[in-house]
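Colleague: Take each chain as given, in its own frame, and dock them per the hints.
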Amino acid sequence: MNSPVLKQLYAFVRKEFYHVFRDRKTLLMLFGVPIAQVLLFGFVLSNEIKNSKIVVCDYAKDYGSQEIIRKIEASKYFKVQKATLTHDQIETAMKAGDIKMAVIFPDHFYNDLSHLNKAQIQVIADASDPNTATTITSYLTNIINDYQAEALAQNNQSYTIVPQVKMLYNPELLGAPNFVPGVMALVLMLICAMMTAVAIVKEKELGTMEILLVSPLKPYLVIIAKTIPYLLVSLLNLTAILLMSVYLLDLEIKGSVVLLFAESTLFIISCLALGLLISVGSTSQMSAMMTSQMSLMLPTMMLTGFMFPIENMPFWMQGISYIVPSRYYYTIVKAVMLQGLGFSAIWRETLVLGFITLILIVINVRSFKIRLA
Amino acid sequence: MDNNIAIKADKLTKRFGDFVAVDAITFDVKQGEIFGFVGANGAGKTTAMRILCGLSTPTSGTATVAGFDVYKDAEKIKKNIGYMSQKFSLYEDLTVMENITFYAGIYGLSDKDIKDRGAELLDRLGIAHEAKTFVGSLPLGWKQKLAFSVAVIHRPKIVFLDEPTGGVDPVTRRQFWDLIYEASDRGITVFVTTHYMDEAEYCGRVSVMVDGRIDAFDTPANLKKKFSVDSMNKVFYELARGAKRKAD
Numbered sequence: 001m002n003s004p005v006l007k008q009l010y011a012f013v014r015k016e017f018y019h020v021f022r023d024r025k026t027l028l029m030l031f032g033v034p035i036a037q038v039l040l041f042g043f044v045l046s047n048e049i050k051n052s053k054i055v056v057c058d059y060a061k062d063y064g065s066q067e068i069i070r071k072i073e074a075s076k077y078f079k080v081q082k083a084t085l086t087h088d089q090i091e092t093a094m095k096a097g098d099i100k101m102a103v104i105f106p107d108h109f110y111n112d113l114s115h116l117n118k119a120q121i122q123v124i125a126d127a128s129d130p131n132t133a134t135t136i137t138s139y140l141t142n143i144i145n146d147y148q149a150e151a152l153a154q155n156n157q158s159y160t161i162v163p164q165v166k167m168l169y170n171p172e173l174l175g176a177p178n179f180v181p182g183v184m185a186l187v188l189m190l191i192c193a194m195m196t197a198v199a200i201v202k203e204k205e206l207g208t209m210e211i212l213l214v215s216p217l218k219p220y221l222v223i224i225a226k227t228i229p230y231l232l233v234s235l236l237n238l239t240a241i242l243l244m245s246v247y248l249l250d251l252e253i254k255g256s257v258v259l260l261f262a263e264s265t266l267f268i269i270s271c272l273a274l275g276l277l278i279s280v281g282s283t284s285q286m287s288a289m290m291t292s293q294m295s296l297m298l299p300t301m302m303l304t305g306f307m308f309p310i311e312n313m314p315f316w317m318q319g320i321s322y323i324v325p326s327r328y329y330y331t332i333v334k335a336v337m338l339q340g341l342g343f344s345a346i347w348r349e350t351l352v353l354g355f356i357t358l359i360l361i362v363i364n365v366r367s368f369k370i371r372l373a
Numbered sequence: 001m002d003n004n005i006a007i008k009a010d011k012l013t014k015r016f017g018d019f020v021a022v023d024a025i026t027f028d029v030k031q032g033e034i035f036g037f038v039g040a041n042g043a044g045k046t047t048a049m050r051i052l053c054g055l056s057t058p059t060s061g062t063a064t065v066a067g068f069d070v071y072k073d074a075e076k077i078k079k080n081i082g083y084m085s086q087k088f089s090l091y092e093d094l095t096v097m098e099n100i101t102f103y104a105g106i107y108g109l110s111d112k113d114i115k116d117r118g119a120e121l122l123d124r125l126g127i128a129h130e131a132k133t134f135v136g137s138l139p140l141g142w143k144q145k146l147a148f149s150v151a152v153i154h155r156p157k158i159v160f161l162d163e164p165t166g167g168v169d170p171v172t173r174r175q176f177w178d179l180i181y182e183a184s185d186r187g188i189t190v191f192v193t194t195h196y197m198d199e200a201e202y203c204g205r206v207s208v209m210v211d212g213r214i215d216a217f218d219t220p221a222n223l224k225k226k227f228s229v230d231s232m233n234k235v236f237y238e239l240a241r242g243a244k245r246k247a248d
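Protein sequences, first through last, are from chains A and B. Taking my numbering, I'd label the letters of the first sequence as residues 1 to 373. Taking my numbering, I'd label the letters of the second sequence as residues 1 to 248.
Calculated from the structure, these hints are not laboratory results. Just so we're clear, the structure is a prediction, and the values are computed from it rather than from any experiment. Be careful, since some hints might not be right.
[Stated by the list, open to error] The list that follows gives simulated cross-link-like pairs (lysine to aspartate or glutamate, EDC-like), each with its CA atoms no further than 20 Å apart:
{"id": "1", "chain 1": "B", "residue 1": "Lys224", "chain 2": "B", "residue 2": "Glu238"}
{"id": "2", "chain 1": "B", "residue 1": "Lys11", "chain 2": "B", "residue 2": "Asp215"}
{"id": "3", "chain 1": "B", "residue 1": "Lys30", "chain 2": "B", "residue 2": "Asp69"}
{"id": "4", "chain 1": "A", "residue 1": "Lys25", "chain 2": "B", "residue 2": "Glu92"}
{"id": "5", "chain 1": "A", "residue 1": "Lys218", "chain 2": "B", "residue 2": "Asp73"}
{"id": "6", "chain 1": "A", "residue 1": "Lys7", "chain 2": "B", "residue 2": "Asp116"}
{"id": "7", "chain 1": "A", "residue 1": "Lys204", "chain 2": "B", "residue 2": "Glu92"}
{"id": "8", "chain 1": "A", "residue 1": "Lys202", "chain 2": "B", "residue 2": "Glu182"}
{"id": "9", "chain 1": "A", "residue 1": "Lys204", "chain 2": "B", "residue 2": "Asp93"}
{"id": "10", "chain 1": "B", "residue 1": "Lys143", "chain 2": "A", "residue 2": "Glu203"}
{"id": "11", "chain 1": "A", "residue 1": "Lys218", "chain 2": "B", "residue 2": "Asp69"}
{"id": "12", "chain 1": "B", "residue 1": "Lys132", "chain 2": "A", "residue 2": "Glu73"}
{"id": "13", "chain 1": "B", "residue 1": "Lys132", "chain 2": "A", "residue 2": "Glu16"}
{"id": "14", "chain 1": "A", "residue 1": "Lys202", "chain 2": "B", "residue 2": "Asp93"}
{"id": "15", "chain 1": "B", "residue 1": "Lys87", "chain 2": "A", "residue 2": "Glu205"}
{"id": "16", "chain 1": "A", "residue 1": "Lys7", "chain 2": "B", "residue 2": "Asp111"}
{"id": "17", "chain 1": "B", "residue 1": "Lys87", "chain 2": "A", "residue 2": "Glu203"}
{"id": "18", "chain 1": "A", "residue 1": "Lys254", "chain 2": "A", "residue 2": "Glu349"}
{"id": "19", "chain 1": "B", "residue 1": "Lys143", "chain 2": "A", "residue 2": "Glu205"}
{"id": "20", "chain 1": "A", "residue 1": "Lys7", "chain 2": "B", "residue 2": "Asp113"}
{"id": "21", "chain 1": "B", "residue 1": "Lys143", "chain 2": "B", "residue 2": "Asp169"}
{"id": "22", "chain 1": "A", "residue 1": "Lys25", "chain 2": "B", "residue 2": "Asp93"}
{"id": "23", "chain 1": "B", "residue 1": "Lys87", "chain 2": "B", "residue 2": "Asp169"}
{"id": "24", "chain 1": "A", "residue 1": "Lys202", "chain 2": "B", "residue 2": "Glu98"}
{"id": "25", "chain 1": "B", "residue 1": "Lys132", "chain 2": "B", "residue 2": "Glu98"}
{"id": "26", "chain 1": "A", "residue 1": "Lys7", "chain 2": "B", "residue 2": "Glu75"}
{"id": "27", "chain 1": "A", "residue 1": "Lys7", "chain 2": "B", "residue 2": "Glu98"}
{"id": "28", "chain 1": "A", "residue 1": "Lys218", "chain 2": "B", "residue 2": "Glu75"}
{"id": "29", "chain 1": "B", "residue 1": "Lys30", "chain 2": "B", "residue 2": "Glu182"}
Chain B on its own, in the form it takes in the complex (with noise of 0.2 Å):
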């Protein structure tokens, strides 16, 4: 088992009667690294996303996620990931604190943990004023990224985005990425899956879905050149042409 490796796939499959959802994909997601996951509506992201996090059972082929098997370890695989979810996910009827709260307490962090970290969450995000508000008052991208430093805030080994900035507009999307940057800094590998192909630009590596394959798979830089343009979003173009799904 490669240390460096924080997950792998091999040939993930994942069938729905007839339909194919997941192609046998194959790839690998370094430790520390941002990993983009891009694809149309349909492409069969998020499918592939659940099965890593143990939410969906694959039809066939292997993948370790933090070094555990997605067969056998999911409940392992659940304690080393934070997730978080296209829909807003956090308790619009709950204060910050008391979300921050929560969501620590169901990972099992002791009482001066979850005090300790949820200031310094709080701190970084600039809304120390803000602990007692309800989350349902705050704005759109003030919840995004508050939903992305809870879904961290267990300090796991990687952390699954999916498409986490639908909605907001592009500084606070450029912001919501510092706050990507920053985990990753600290060690956080970072899974994340998106239609915005400037978010792609962000990433380490990208890997391009249609149809359920991996059609594409390699930093932004050398799939630029690969396909002699010059932004992602023409890359992408280039890819889901061919494409025979319809998105959803």
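Bound-form chain A, shown alone (with noise of 0.2 Å):
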């Protein structure tokens, strides 16, 4: 790469980055949306749920338990119900909606606590509706540990309470927390695909397209330069959200922050990709914006098992499934972010990804020849 072509792209990418920061309507899309989306669906969905209807299963019945039950009816999220319900029981009032918990005390109860200082009770959520299960049970567990430490304090005991939680009809908890991987593939479809595919369609609305084709500008220059300015942009969106993750939402990032940032570029980098060819075929800025919608939006939106299960799809549903390249991020972004995985366990994923980046990338270069002629 010799340096008049450095020099071009510089001239270019600097006109470039002039249009997205001048533009108010490119920056609230830029910054705004990415913002709207986290705290719309971190604060609206999970908010605090008040006066949960529970029923209490006290096989127990001893000093120990009745404390614990004490502080639960006392505390302002809980609804106590007292009854010695079976499991099937317990299911039939879950399923007609009376209750969202179940928390059973076991025999010997106290007497496990205070021989062996550890003794276990069972907490079962409806995770139906996955948001209000995982919320419910950490106040529970909160109660527990509250518990503990007086417990350590008054007595100078030492217990352990493990609570054994059982998340009913939806295991994997599919919601609370996976909504951030969702939030980051729909952002940055939006912002590369979209915001790509407009700004190339606007120059050649403008008629400056022309002029460029005209100028000694190689066509691939035009294109990286164009696509340079919301890469950049993507990357600090992608850190504003996980900082918001992490320092509103509590949500910590379990994997290594490198690989979800080189994993983030290589979709970033797909979806750039898309953006082009959105641009080939579209002759306006509006018709631009509508294809991005109708064919990126909605697929990563419906397909990526970020709002509905895939599994509950019907089939050629989950094959259409299988060609969004965001369904492959937003698995590899649940991995490493909220897992903890490595590498190994996403390289397929990674694979294929990249895999279909080549083949849209190769699709673009055929097609900007075309264009050309």
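Modeller: Structure below.
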């Protein structure tokens, strides 16, 4: 790469940044949307849940269990119903929507606790609404921790109560923490694909694209220069989303941040390529926007498993989901961010994503030649 | 290769399926000449110009621009030409100076050249005080003069102007032509398409396109003599009457 080319590139990229930072609508889109998405999904969906109806089955009926039950009853989060129900009865009650959670104290609870310093309780939550399930489970865990802390402070007893949590109906808890990877896929798709498509079509509309094609600027430079700003802005956005998740939503990033950024860059490149492809077929900014929404945003929302589990979809729809790049990205982010897995767990998804990206780039290079003819 | 010839076309043809947009046109443009390319809408002017600019490849025939073959040396041609399209071609959300810097930059001018030529350009147009004004807020006449000046900032051998004066008043058009004359005096060959016949009068030589063919090709004075009329407007009417193609 010789320096005149870099100089041309520099002049061009600088111009692109002027466009990005001078258009209020673009800025709003770039920075307002991701923030709004995260806050919306984060706070509105996982807000404090009060007065959840729960059932407490106390088989122990001893000092310890009653102490804890009193605490649960005192909490504003729960409305407690005491009954000794069997497992089947608990499930029936949950299906009828009467209770959200069941807390079961086994026989000899306090006995175990005072002699072994260790006891178990069972918690069964209705996870068909995963947000509520995780939230109320953590409320309960807090109450139990509180009890342990008090026991330690008052009697110098170090108790360990292990809640055996069982999530019914939705054991993987699709939802709550999963929206962050989903929002990441959505936002990156939106910014990279749609904004790039619109930016290029805008040059066509204005007639400046012709000037650029008549200039000695190599077509690939036009493409690179047009996409670099959106690549950078997307990485910036990604950082913002991650920071918000960590500091506002208390979601920790369990895996490697470097790996997360590397995989995101791959996904961003595939989105940019999609945006370019859309710009080839569109003659107006409006049509570019509509095409992006129909062909990219919708599949990202519907077919990545972020809003609706893919396993429950009709077979043909599952088939389509295999060619949606965000599906793989979503899986990758979930693995790295939520489960803390390394590259060895996601190399297959990475490979497929890389392959899709490569195909998109090849199609782009070919269609760009046709454009010039 | 004749050094005085800037553009040479021989039986240049462009077909789109059955439609012959440019039908075996033959002409040459001398260096430093102001060459008018006139014709009704849809006569094939823009297509012919796109071929010469390297935006489109001809179906048959030959052409050289600045001594380079349009088939083989499109990249070299691009370095030696400037282009201004009928659509206004500056970025409205960039300032005057930013537009100059951008276009000079993509033609690979050095920072010093960009600064010097930019200042010179603003001086010539008398808008040095507007360097930091957004182009979007300039009057249309200024924008077009600026667009032309930017199109020749890299000092090309030939500049192609595709209906450059659409939508401006006659006074501004006259001023625009002063700029064209200045460029021509500096040795830049000007290839201009227009359908304003008063502009055709300003050109050194004019070719009139009808239905993809060049039906007349001479100086305005000779054309008027040949058709025994007193204006280019009437010359054009005489020729265009026989046109089969409807304007698009």
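Colleague: Which of the numbered hints are not met once you compare them with the structure shown?
Modeller: 8, 12
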